Amino acid sequence: MRLLDPFNINHLKKSGVGELPGSLNYTGTHKKVEVTLEVLAYGKDGCQRYLLRDIDELQIEDKKYWINVTGLHDIELIRKIGEKFQVHLLDLEDVVHVSQRSKIEIREGYLFSIFKMVYLKEELVQHEHVSMVLADKVLISFQEIAGNVFDGVKEHLVQGNGRIRAMPIDYLFYSLLDALTDQYFLIINSFASAFNELEVKVLEENLSNTDEVYRLRKELLYLMSVIGPIREAIQNFTMGESDYFSHGIIPYYADLMDHLKQISDSVKSYREMTDSLYAMQMAKVSTDMNKTIMTLTVFSTIFIPLSFLAGVFGMNFKYFPGMDYRNAIHIFTAVCVAIAAGMLSYFKLRKW
Amino acid sequence: MRLLDPFNINHLKKSGVGELPGSLNYTGTHKKVEVTLEVLAYGKDGCQRYLLRDIDELQIEDKKYWINVTGLHDIELIRKIGEKFQVHLLDLEDVVHVSQRSKIEIREGYLFSIFKMVYLKEELVQHEHVSMVLADKVLISFQEIAGNVFDGVKEHLVQGNGRIRAMPIDYLFYSLLDALTDQYFLIINSFASAFNELEVKVLEENLSNTDEVYRLRKELLYLMSVIGPIREAIQNFTMGESDYFSHGIIPYYADLMDHLKQISDSVKSYREMTDSLYAMQMAKVSTDMNKTIMTLTVFSTIFIPLSFLAGVFGMNFKYFPGMDYRNAIHIFTAVCVAIAAGMLSYFKLRKW
Amino acid sequence: MRLLDPFNINHLKKSGVGELPGSLNYTGTHKKVEVTLEVLAYGKDGCQRYLLRDIDELQIEDKKYWINVTGLHDIELIRKIGEKFQVHLLDLEDVVHVSQRSKIEIREGYLFSIFKMVYLKEELVQHEHVSMVLADKVLISFQEIAGNVFDGVKEHLVQGNGRIRAMPIDYLFYSLLDALTDQYFLIINSFASAFNELEVKVLEENLSNTDEVYRLRKELLYLMSVIGPIREAIQNFTMGESDYFSHGIIPYYADLMDHLKQISDSVKSYREMTDSLYAMQMAKVSTDMNKTIMTLTVFSTIFIPLSFLAGVFGMNFKYFPGMDYRNAIHIFTAVCVAIAAGMLSYFKLRKW
Amino acid sequence: MRLLDPFNINHLKKSGVGELPGSLNYTGTHKKVEVTLEVLAYGKDGCQRYLLRDIDELQIEDKKYWINVTGLHDIELIRKIGEKFQVHLLDLEDVVHVSQRSKIEIREGYLFSIFKMVYLKEELVQHEHVSMVLADKVLISFQEIAGNVFDGVKEHLVQGNGRIRAMPIDYLFYSLLDALTDQYFLIINSFASAFNELEVKVLEENLSNTDEVYRLRKELLYLMSVIGPIREAIQNFTMGESDYFSHGIIPYYADLMDHLKQISDSVKSYREMTDSLYAMQMAKVSTDMNKTIMTLTVFSTIFIPLSFLAGVFGMNFKYFPGMDYRNAIHIFTAVCVAIAAGMLSYFKLRKW
Amino acid sequence: MRLLDPFNINHLKKSGVGELPGSLNYTGTHKKVEVTLEVLAYGKDGCQRYLLRDIDELQIEDKKYWINVTGLHDIELIRKIGEKFQVHLLDLEDVVHVSQRSKIEIREGYLFSIFKMVYLKEELVQHEHVSMVLADKVLISFQEIAGNVFDGVKEHLVQGNGRIRAMPIDYLFYSLLDALTDQYFLIINSFASAFNELEVKVLEENLSNTDEVYRLRKELLYLMSVIGPIREAIQNFTMGESDYFSHGIIPYYADLMDHLKQISDSVKSYREMTDSLYAMQMAKVSTDMNKTIMTLTVFSTIFIPLSFLAGVFGMNFKYFPGMDYRNAIHIFTAVCVAIAAGMLSYFKLRKW
Ligand SMILES: [Mg+2]
Ligand SMILES: [Mg+2]
Ligand SMILES: [Mg+2]
Ligand SMILES: [Mg+2]
Ligand SMILES: [Mg+2]
Ligand SMILES: [Mg+2]
Ligand SMILES: [Mg+2]
Ligand SMILES: [Mg+2]
Ligand SMILES: [Mg+2]
Ligand SMILES: [Mg+2]
Ligand SMILES: [Mg+2]
Ligand SMILES: [Mg+2]
Ligand SMILES: [Mg+2]
Ligand SMILES: [Mg+2]
Ligand SMILES: [Mg+2]
Ligand SMILES: [Mg+2]
Ligand SMILES: [Mg+2]
Ligand SMILES: [Mg+2]
Ligand SMILES: [Mg+2]
Ligand SMILES: [Mg+2]
Ligand SMILES: [Mg+2]
Ligand SMILES: [Mg+2]
Ligand SMILES: [Mg+2]
Ligand SMILES: [Mg+2]
Ligand SMILES: [Mg+2]
Ligand SMILES: [Mg+2]
Ligand SMILES: [Mg+2]
Ligand SMILES: [Mg+2]
Ligand SMILES: [Mg+2]
Ligand SMILES: [Mg+2]
Ligand SMILES: [Mg+2]
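Protein chains in written order, with our numbering: chain A, 356 to 707; chain H, 356 to 707; chain Z, 356 to 707; chain D, 356 to 707; chain P, 356 to 707.
Hints are computed from structural coordinates only; laboratory data are not their basis. From a predicted model like this one, the values you see are computed outputs, not experimental measurements. Cβ atoms here follow ideal geometry from the backbone N, Cα and C, with glycine treated the same way. Watch out, some of these pointers could steer you wrong.
[Unchecked claim] Calculated lysine-lysine pairs in the DSS-like style (CA-CA distance at most 25 Å, straight line):
(1) A:K418 - A:K387
(2) A:K639 - Z:K616
(3) H:K492 - H:K399
(4) P:K639 - Z:K639
[Claimed, not checked] To be clear about the criterion: a stretch of chain D counts as covered by chain H if any three or more of its residues have a C-beta under 8 Å from a C-beta of chain H, and this derived list gives those stretches:
(5) 375 to 385
(6) 395 to 409
(7) 569 to 578
(8) 628 to 637
(9) 641 to 649
(10) 659 to 668
[Claimed, not checked] Quick list of the computed label-pair ranges, beta carbon to beta carbon:
(11) D:K476 - A:S545: 33 to 43 Å
(12) D:N561 - P:K673: 54 to 64 Å
(13) P:A695 - A:L479: 42 to 52 Å
(14) A:S545 - H:K387: 46 to 56 Å
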């Protein structure tokens, strides 16, 4: 699995350097996506799901409305939706500015939030910028491409599963956040597999190439930079007072917070473990080198004196005592064996 | 002792990705355990202990009730118990979701808590997910397998030891937490032994394999990830106001907090010590390598010039002055000894 | 690109060691800049832009005034402006003291702020000390050299773009801060390119020189030391109560805070990544060394015994059994090949 | 000096795993100490000092009483004292549980505190568990062995030095804490000496054994784990409101806090310095190794080609041009010298 | 420049271990200094400066008084001054206890503060313990030796520069703190020079000795341990409410705080840079070693096989095929060149 590829830790392209505040520029890459305007109008008794061609076609009756906008490059549409629901220009700017950090902010008349979808698609991680506007009976979600993260929630609405139709609209907001969060678990499980594989390689197969540990570290940094702001945003939101908390919703947000804490704990643990694995890998390189050098030293220190000795008796001095001694070669052999044995037992003694 | 084996730092399996909130799925591994429903009904004067076949059989009279459920895979039973005592579905979801973090939360009508049992059983560490629901006169505990962590408390109840029968039911809640916490001390003592053994190996036996230090680090990370949330949960709980604090209970919770602080201090100290031990181990590898290389260098630098000299006099030049000089070999020997002595004293001087 | 050159992490020259508090000394280097006093007087209906020779020439009517002072070495002018608008001497001291940290402070009758312009100019990073005094209908900005950071805002004012003319003067203050902040994005993008280039060099080209990583670290430290105080200042300002917040301005400051958080997150991420890159570079050096030593060891341990053997048969002993054996040289060759093969397969076995 | 020996960073033996809360078990090692019950009854006019055989003998009159219990293994005595002064069983449990962390807690009717005596005795560090119960006119101190830490305070009481007799009983409590704290200064000075000796060894004598740095780190960890909770306890105590603060006592507690801050600053500084010293020691090992390898390389690279050359001319080829050239040996010598000189100047050039 | 010499990070000598609280012992080293009692009596209209022989001679009229005591070893004088102005004995203890941390405390009737003078004198850093008592119209300063840090303030008072005579006495207190703080800038500039020199040595001259980096680290630790408490003290003081804040003084304290923040930022930056420099130095040692070993390996692996070959043909076997072949030597030479060239191109290929 390739967890994060292509990898780019911070899309810092700022929307409109030098432009007026509230200038809408889509800063993402999905500019060829078909823009769709899907509506799910629901109440206790049922749910209608239909597509609009324009936001003007929308008739607000005594129901709850989820307007799901896919594709962010149609600036005019975004502006029109913003005008219809009186969304601040600065918020619309963030809707189309894909490198904006996650946040939840309470405005006059609506709640505005930015999140990051991170999900697996064919073994590749996809990143998507998502915004949600939560007004009295309307929730508008904006996303870059059509995708399956929110599909479960749509299904529950259409089929009338659980309490989602009966509950106020902030329960829908919670459900979408819950769907987003569920994806992080999958990502982290996928990361965990990558880590475990690497651990086996390092521990058992003595892998000494650190490129993979480096890549894991970078991916963890990315996950932390995504999850940190989301956790912060939801924590601040649930700990504050809000008109957007209907009766009985608190345990649901608390449950969401539980998940985010767990994800964040997990990322931190893996970070420490990655550091630890790197340290051990370095230790293995040192220990291996030590062994290699020891082998070299043992061989060299045994044979270097012996070679010298052989060299000595290869000298062509005319008067060389003992050269014509009958047992010279046997004595030489014995001395060599003695020297070698002596060296070896010395090394044994020093526990090499 | 094998502290944590099989080791898996984060069970991140989320209960029901994409499912409705409040979907009950047992995410643990103990699916063949016999499900039992044990009741301890007690008051000042006595304590009855019996098994139920179904929760409907339970008759609530003017007593205090501890309902101890063993085995979490019978979802229907859990749901029925939840309905009888009006426990929120999201809480029941956490009861059977074994990777949920520890926490204490105050709900309408009851207090809900999640903890982790970590205990030694035949030299192996067992992990168990435990939840407790504390209502007016009823405490329900849920655990994965039958075990001995709560046995002491049962014994005190049945035999009427101490003040446990006389005190309100939150004292039972405290007693169970205290029993859980006691196990952590045993775990840490066991960890301490492992550390001390490793320290001896590194310091005295020059162990250079870092796999064990790596394993200890990982185990410490696991202990921190378990103890951190428990400490946080109990600290927040005892520092807040609560209807679940009967008169005179505060010193007991404070005592519990003392133990958790001590455990947490201890884990942090061992963490630092493990880092320190790793650093020293690396230092030893470097120092050893240094010594080996020095030995090699001393041998090489002494014999390399001598061998060259021997080689020179082994050359077959026809006109080689001094080759037929009578004392050539003696002079050669003397020069060799002088060179060797010179090198050695040079090394002594430089304190090698 | 040369990100920060000449690099000097802390201009600590203090204004007037031993002098009286409120002694004005320009501590920067731009002492030859032409001092200009530019005024933009604007209201809903229009904007006039003109230069003054002296501050006395300024006529305050029922408009909003932006007085933009370029060049800080004319102490007398600064003092005169200070007197006219009743700015505290300690603040004027900071206006001309270029190493003063960024801050926003609320004084009696005006708001005083210090910021740092950091912007790219011909591939070089420029640093500039900027102060702003925000009074009822007047904003005075002081900068060291004429430059283009504020030019966009001037253009919007003159051309009447957006809401800048219609909004109260604190919107102008916000707009200038926004223009400053936009430059940091450009700087960080430029830093990101430098990092990515270095990463490629280290990962793919095996660069082992750490000078560049060192330089990147230093540059990050500088960016952190600049951005930290600015973020802190704006955070404290927007979280407090102030007479300087007109109706509807809050979302703008919040947007600014978003940008600063993003910049600061980004700098922190790059810092971690730089540390990580350094660690990997070190790992590569170790691994390379290990391979080199292994090569040496393999060669040496194979040939050292063989050379010894050759030396032995080169000895001039008169009685040397086997020297006149016909197949001696073939046996010798076979033995050599056997030894070499044995050593090689031993190394293969140990996975060298 | 042997600072901490035998060294055991955390006595985690828990009092009574599985026992009832409030079970008294002495968990220390001083079980043969003679148990004494010393009373100092004092007032403005005098001070009587006597030993009791049993706590029942104590007559409370209109005086202030310091009851100093030495020896903690006589559980019955401790329980009796606890009953007489209505001390909570959980507190008595902590009195005899020597691994309990330092703390100050306010109970109904008394203040309960745990501290650690750490003092030098014959060049060895002693550790002692001390508890104090401060009631209206009575202070009870419990310690493990008779010792001299509190002797100064007793002397001042008996001799009537200073204001101790005239001040309320919380001044006695402060005086005992002050006496405890004074010992930490002595310990740290002793640690400082050890550090300075080690620094000299590393810097000047090139010590490369890291065992001592490891030991110092461990000792610092121990000191931090002792001082941290004490500082925390006293800080929380002095910053809170309390019935146990008589008029004029605050400056005394503040003075105590000053000392604890200084000790704690000092321990932190030494910790950083120890880390720094370790880093430098490692650097020295690397640098030394580098020098050794350089020596080896210089020798080898000079002589290896020369030896080869000598070997060449030692070959027994029948047709070997130049072998019978008269000046062959002189040319050979010249070539050798030239090669050696060339290599050496190359190394000089590369600044080896 | 020698920044800190002799260097002693923590003077922990405690005033009077075992003595009564409030025992006055001068713990510094300047015991031969002449004790002087200088008075500056000033008001709007003038300033008189004179020396007293005894504190009894002081006549308090309707003026502001700065009493500057030089020399702390005359305990009796200190006690007398303390009595005259009703200073608490514990504060007097701190006046003469030179290792007391910096602090500001509000007492009944006066403000008590401790600071550290750190200043350059003939290229050496001097350390001095300074205390100040600020009462209604009197400021008493105590310092160890006569020196020039406060001289500028005296001059301003005597010459009537600025607003110092006209302002209430807390402005004098501020002015003295400002004078102290100015010295820290000088110290840090001096440190910066030392750092820059070292950086050049490491980067350009390949210095591999880490002693100097170690010394810089230690000096930074010292500066942090001095500046930390001062910053803390002034921050707490200016953020609190106080009777000692006259009208208009706040901006002056804020200005002081600015300086302390800047100094403290600077020290932290240098600390990170020192760590970074150390890391790079270590990297250089590794890289150098790598190059040396590569050189050795290239030489050895080329000549070792060649030498073996030469050795083979130097063997004295009687039947040695090819020994009397006419071109043997030429073939041998060709083979040698081929082997060497092969090895070299292999190394080139692997980019050594
Ligand atoms: Mg903009
Ligand atoms: Mg982002
Ligand atoms: Mg999508
Ligand atoms: Mg969920
Ligand atoms: Mg849940
Ligand atoms: Mg680590
Ligand atoms: Mg779910
Ligand atoms: Mg968990
Ligand atoms: Mg169980
Ligand atoms: Mg307990
Ligand atoms: Mg206890
Ligand atoms: Mg460490
Ligand atoms: Mg000044
Ligand atoms: Mg600055
Ligand atoms: Mg400019
Ligand atoms: Mg902006
Ligand atoms: Mg925005
Ligand atoms: Mg790192
Ligand atoms: Mg217990
Ligand atoms: Mg302890
Ligand atoms: Mg004792
Ligand atoms: Mg004291
Ligand atoms: Mg004091
Ligand atoms: Mg360090
Ligand atoms: Mg004392
Ligand atoms: Mg100090
Ligand atoms: Mg002085
Ligand atoms: Mg100043
Ligand atoms: Mg200033
Ligand atoms: Mg470091
Ligand atoms: Mg660093």
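Structure-inconsistent hints, enumerated in ascending order: 1, 2, 6, 11 and 14
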